[in-house]
Every structure is written in structure tokens, then in C-alpha cells.
Amino acid sequence: MQIVKNHKDVTLTVAIEGRLDSQTSPQLEAEIFGKLSGVAHLVFDLAKLEYISSSGLRILLLTKKTMDKQGDMTIKNMPPEVREIFDITGFSRVMRII
Amino acid sequence: MKINVHGLAFKQSMAVLVGISVVFAALFFFSNSQIQGKFSQMLLQKGEEVSRANVALINNLFSSGRSIGEEIAVKVGDQGLSGQELDAYLLRTLNGVRATVPQVVAMVVAFEPDMAPDGSNAEYMRLAYFSGDSSTVINGGNYQEKPWYTSTRDSLRGLWQEPFIGDFIKEPIVIFTTPIFRKDSAGEKKFAGVLCVDISIAFLKEMIASMPVSNSGYAVVLSASNMIIAHPKNELTFKANFASLSRNSSHKRLVEFENAVHSMKSGLFLGSSIDDEDAAIYFTAMESIDWTFLIVWPASKFMEEQRSVGHMFAWINFGGYVVIFVLILVITFRASRPLKALAVAADKLGQGDFSAKLPVVEGKDEVSQLAGAFKDMRTSLQTYIEKQKDIDRAKRDLDFSRGIQLGILPKNESEEGCGDSRHSLSPLLLPAEDAGGDYYDFFKLDNDHLAVLVADVAGKGVPATLVMMVSRIVIRTLAIHLSSVAAIFDETNRGLSDHNRDQLFVTAWMGILDLRNGHMEFASAGHMAPAIRHKDGSVAFVKNDPDIAMVVEDNTCYSTQSLDLAPGDTLFLYTDGVTRAENESGKTFGSDRLLRALAESNDGTPEAVNRSVKDRVDKFVGGAPQQDDIAMLSVRYEGPAETV
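Protein chains in written order, with this note's numbering: chain X, 172 to 269; chain H, 388 to 1031.
Honestly, the hints are just simulated from the structure, not real lab data. Where hints are given, some of them may not hold.
[Claimed, not checked] In silico lysine-lysine, DSS-like type, Cα no more than 27 Å apart, as pairs:
(1) Lys774(H) / Lys735(H)
(2) Lys176(X) / Lys206(X)
(3) Lys219(X) / Lys735(H)
(4) Lys776(H) / Lys735(H)
(5) Lys206(X) / Lys240(X)
(6) Lys247(X) / Lys774(H)
Could you build all of it, start to finish, from the sequences and the hints given here?
Put into C-alpha cells, the structure is as follows:
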């Protein structure tokens, strides 16, 4: 899994490529947790995300709750299979998806 | 630095030392014998050099003395000189001889009583001697019993007498005596008397004293009876002889010496010197007189030099010895000390202690290679063991989760104690490698109400399992008091949201089946719709409008939904481990295949339904590993109890 970060002013864009599962979640965790100070807008770009498991969703949920305190979180370019999971679990309703 | 006598260092050092000792010893003895040989040769040469001239001189002198004596004896014998004539003749001759041989100090004639020139039948002896600066003639007597007279008379030939210190002339004198013959009336030679030529050998003292012989050698002259005639130490002359003074030498040695002189005429003899020490003696036997000319090198002096060379050699050897020994020790300790440290470290390593200090070995030799390899090995071992620990820990966690999942959850109705003719159910839980969050549950709320649920906790391992256990307990407890699924979910959600720092959210689907009529009220917390397989084999998904999964928001308000089961309908609950199972090409099993699998199950019993789905999934997945837990719960409504 590849993570590409792009920090511009107070906006951090994180593009995730590949599979976000229990094996690769720690990698995303390491990239984000504790590194969000000064970020007002966090954007996840999931254009190249192939698969997401509950572990990945968990990370997104945690990140969302952190960003709720200091700004906002947006998810964009969600692939349809991922969208489906977001819809069923209700994540679509609590997260900003564009 | 303790010396290990079994150690490499010691053994090697000893071996090399023995070898070197042998070489050194051989060298030493060889060079020693060479030196001795050279010394002997040198002494021989020196001895000969120094002796030659002096011996020649002495020989010449005594040859002259002898010939003079013989000549005069003949003259005196032939000419019948009167007393006066004889005196005059003696003086004249003495002075004449002195011109060429100044060592001649006196001439003596002594006649047989009946041969005296004055015709008297008495002793007749005349001495002509030189003293001061002139010669004189005096009378002598009492000679007939004297050895010099009797020996000559008896042997009738010329003799060299033993030297002595003269009475008239206070010098060491040696006398050549020769018989005087007169022809008698018959013309026969008759012994008439003795002629003596007195030769002073005072010059010898000076000769000896001034002779330079290197290596502290000195010259000695011995008479025929081995008496010391000349010696650097004056006190010895005429007082000691060769044998009497050398206490240490045995009579045998003396005999050996005399034999050597007699047979070899000149050579090197190793024996005792006059001074009671061992000495090397170069001897020359004189031809003209039975004397021996010696050059003596006291052993102590020349041996000293030889010894000092020997000592020097020995010291150098010893020094070299020590240096080599130290070098060997250094080299082998350089090898054996790191080896020992490595042995200690290996021992500790074997006991799991990675802390032993490894020796730092410089250089590129085998020992440093070993030390380097050892260090690498230790690092690899450490890494491997850490990895192994992680693997073990992971495995322990997995065993724990799996133990709970498989152990705690009820496997059938009788276990749970909720058997009832109005329904039958069968669960199936296939935990994945490292998952632990899926579970199912079923229990009766009361005689007529059966609760069934399936849930999926996000994450894996022990944390997910713990949340799973908690939610199971919470739901069951709430179900005792609350009859509405929605209410149960509301409360469960609130409970799980508290203290859920890691946001392990839970999707769940729970339904309460009224066994009297097949009516089921259910709620879905972010969970997908179950499927129904009707008695006739048709399948469909339940109309399901999921609310948000639990924990995502702590105040979610869940809504109650309902469905109705006809007798023979089987409700199939499952987690996404089924529909999201992937094959090797990454394709997912999907909902369509699930329905087909359900349709294909001929029997319709819950077990058969589960098996059918499982087989289908297995076939689809092929060799790909199971990513997620798979949980299924098939519930078949048999219908209301038969009224009796």
C-alpha cells in the first residue's frame, strides 16, 4: 500500500493506493496519528484504493473523530465497492464524502 | 594473565621453544668446538712463531759451545802443554771465544791425577774465568767425586750438565763437559781429564722477560731434568721443576708431557702449568741440548677469552630465546584470548544471554574472520528470536481469540438449552488467521421468543475478541429486560461507545422471532441483509435498511424493522467474510453467488444450508487465504406447534 501525503497550508491530502486491510492499516496509522497538528482540513483521496477492511474503516473513523475537534475531514474519489461498504455500515452518513 | 597449560598459547610456545632450543644448542656446541679448534690453531701458530727465533738462538749458542769445547779438548789432549803454557792457552782461548760467544764465562780443565801436566800425581785443575772486564786463571780441586767429572769420565763423551748458580760467577751457568784424551806409549787413547766450557745463561732471564706473547702467555725454559731454568717469575727459577709445582697434575700427566715432547719435538699440549692452573703449552724440544722451550698460556687467561666469547654467545642465545618466547606468547595470546572470549560468549548465547562482550579483533586473519562471523551470527540470532517471539505472541493471541470464539459460543440448541420443535438452527464459525471479531448468538427470551443475531467487530485479534465478548454479554443482559431489538441496540451502542478509544465499531443484525407465528422483529446496525430460502428453494434478500454501525456515533437511534417467516423458511444470517471472500484473482464471492449457493442447497436443513454456502465459498476461493472471519447462522422456522 502506498500513501502519498500533500501538505499545503492547513490542508493535508492523503492519497491511499492499494489495499487497506489489517496488514496495511498500521502503516496508515503511523502516517497520520500524531501528525495532524496544524491541519484544519484533512482530505482522503481514495481514487486508487482497491480494498478496504474493517481495520481500515476503523482508522478512518478514528481520524474523523480527531478532525472533528480541530477542523474537518473529507473523503473523495471513492470507488463504488468502497462506497457500498460505507453505505451499509452507515459511514456515508457520518462522513463528508465528495 | 593466567597461563592455561592446556591452551593453544602454551602448547605452541613450548613446541616452538623446544625446536629453537635444539637449534640453538646445536649452534652453540658447533660454534664452541669451532672456536676451540681455532684457538688451538692460533696458539700453535703463535707458539711456533715466538719460539722459533729464540729456540734457534739458544740452539746456536749451545752448538757453538759444544764445538768449541770439543775442539779445545782435542787440542789440550794432543799438545803436551806445561802448566804455564796451559794457563796461557786457556786465557787466550777464553778471550778468543768470548769475541764471538760472549756467553762463555769460563773454561776449566781438570786432569786425572796421573795425567797432570806438572807430572805430579795429584789433582790438577785450572779455571780460566772472565769477570768484570778481564780474565783470570785460578786453581781448583776436589773434583774427582764431583758429578760433572765422574759423569764425563764414565761416559767418555761430551755432556751438558744441569745448570746451576755458579760459585765464582754468580750467574746461572750451564757447563759443557767433554773428555780429554791422550795417546799413551802404545798409541791408545786414554782418558786424561775433563774439559769444561762454562756458559752463562743469564741472558735467558732477559730473553724470557722481554718476550711478548699475546693472550697472557709467557715463556719457560726447562732443563733436561725438567727444572725451571728461566721463568717470568724469578723466584721459581732453579727452585722448582715442572712436576713438583703443579700439584693438580698427576704423575701420569707429566709422563704424557715428556712423551709428547720426546716424540713430537714441538706441539701443543694441554695440561697443568707451573702456576698450578690448567694451561695450554706450546713446547719445543731443543736439538743442541736436552732442554725444552715452553710457551705457556694459562687456561684462565686464554680460556677467559674463549669463555667470554662463549658467554657472549650464550647470552645472545638466551636473549634471543626470551625475545622469541615473548613474541610467540604475544602472537598466540592474540589468537587464544579472542577465542576464549568467543567461547564464553557462545556459552552465554546458548543460555539466551546476548549480552556477552564480543572481542574486537583487528586484522584480516582467521581469528578476526571468526570474530566477525560470530558477531553477525549473534545479530541474526537476536533478530530471529525477536521475530519468533512476535510470531509466538501473535499465535498466542490467535489461540486466545479462537478459543473464545469456538469455545464460548453455543454450537447447537441443546447446548444453549433452547431446543424447540418450532425451529431448528445451525451456526458455523470459521475464524480467519488473525481475525477474532465475528460471532453469532442465539437464545430464547421467553418460551415463545427466540433471539438470533450475527455480528462483526472491526479489527482483529484479542481487542476485537474482547469487544465481541462484551457486546455479547451486554446484548444478552439487555435482552432480559428490553423486548425491543432497537432498544437493545440503542443501549448496547451507548455502552460500547464509552471507553472505546480505539473505535472498534461493531456491525450487527439481530432479530427476535415469535415462534408462534413466524413474525420477526429485527434491527441492523450497519449490517447487510440476511437472505431467506423458502421451502420451495427460492431465495431472496431480506428488505433491510441498516442504521449506522455501533460505536460510530454514541447516540444512534436504531429502528425496528420486521419480516415474516413461513414454515419451512430458512433465514440465513452471515457476516461479510462470506460475500467479500476473495479468490486468487481478487474477485469477490458477492451476493449473487451467495443466493445461488443457498438455492442449491437441496436439503434445506440449516446444517445443509451452511454447508452448501461453505462449499461454494471454498470452491470459489480456491487456494487464496481466508482474509476475514466467516460466520453464518441458519434458522429455519418450522411453524407453530401443532395443536393437540
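Going down the list of hints, with the structure as the test:
| no. | hint | verdict |
| --- | --- | --- |
| 1 | Lys774(H) / Lys735(H) | holds, 20 Å |
| 2 | Lys176(X) / Lys206(X) | holds, 11 Å |
| 3 | Lys219(X) / Lys735(H) | violated, 51 Å |
| 4 | Lys776(H) / Lys735(H) | holds, 19 Å |
| 5 | Lys206(X) / Lys240(X) | holds, 14 Å |
| 6 | Lys247(X) / Lys774(H) | violated, 38 Å |
Comparing the model with each numbered hint stated earlier shows that hints 3 and 6 do not hold.
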